[in-house]
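Line by line, the protein sequences give chains X and U.
Every letter in the first sequence is one number past the one before it in the numbering used here, and letter 61, counting from 1, is 53.
Quick note: to get the numbering used here, add 2 to the position in the second sequence (first position is 1).
There may be inaccurate statements among the hints.
[Said to hold, decoys possible] Incomplete in silico selection of chain U near chain X, CB under 10 Å: (1) D56; (2) G57; (3) V63; (4) F82; (5) Y113.
Simulated from the structure, these hints should not be mistaken for laboratory data.
Only a predicted model underlies this, so the values are computations on that prediction, with no experimental measurement involved.
Glycine included, each C-beta is placed from N, C-alpha and C at the ideal position.
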Amino acid sequence: DIQMTQSPSSLSASVGDRVTITCRASQSISSSLNWYQQKPGKAPKLLIYAASSLQSGVPSRFSGSGSGTDFTLTISSLQPEDVATYYCQQSYSTPQTFGQGTKVEIK
Amino acid sequence: EVQLVESGGGLVQPGGSLRIYCAASGFTFSDYWMSWVRQAPGKGLEWVANIRQDGSEKYYVDSVKGRFTISRDNAKNSLFLQMNSLRGEDTAVYYCARDSLGAAVSDYFDYWGQGTLVTVSS
């Protein structure tokens, strides 16, 4: 199975800050990497698919980059409504696997 | 509007069985692979199983192979997960998720249900 490792596990930043979350795959997954946002008590929501494609309706402050084994989710200007846990997920091979999550809080 | 609504969760004893359901609407159900994803209390997300558009291919995470069975009824726009020989570690919220549109086994999960809680405890 492909292991997905996110860093950091949690972060605290101020409103307006640029926030970066990284995700590393245990082997190359090309661009088969997706990012999800999950708010407490809610279902996950797709933000980015295929490493860098913004899902319809998602604010443009969210962006994704990377290929191979190293990927990044960036929030260009953190907003209060972005408080959530973020997960990366590879769809390169079965079983599809998720990172352990990154909890984002407001300082 | 795409909607996925899960039901059938509840409390079950270890070793018991449960069948959970997902009712789909707002899209052509038979065009998509569908998946089940679970989340244990306070933990991360774990993909459980998926099924091809016509039900001819099914894949499972190792921890549920031989115990869980995914199925679908395209005429009724419904997805199912039959869970047998349940264990404490199967306790989780189970989400139904829309998966790949095409031939790919999986692309991304673009729509999710609200989840149904399965608790395995004596």
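- Interface restraint verdict for D56(U) against chain X (beta-carbon cut-off 10 Å): Because about 18 Å separates D56(U) from the closest Cβ in chain X, which is outside the 10 Å limit, the hint is violated.
| When the nearest CB of chain X is found for Y113(U), is that gap smaller than 10 Å? | holds (8 Å)
Have a go at the G57(U) hint: is there a Cβ in chain X nearer than 10 Å to its own Cβ? violated (17 Å)
- When the nearest CB of chain X is found for F82(U), is that gap smaller than 10 Å? For F82(U), the interface hint is violated, since the closest Cβ of chain X sits about 19 Å away, which is over 10 Å.
**Item:** Interface hint outcome for V63(U) [beta carbon to chain X under 10 Å]
**Value:** Holds. Min distance 5 Å.
The structure does not agree with the numbered hints 1, 2, 4 stated previously, though it agrees with the rest.
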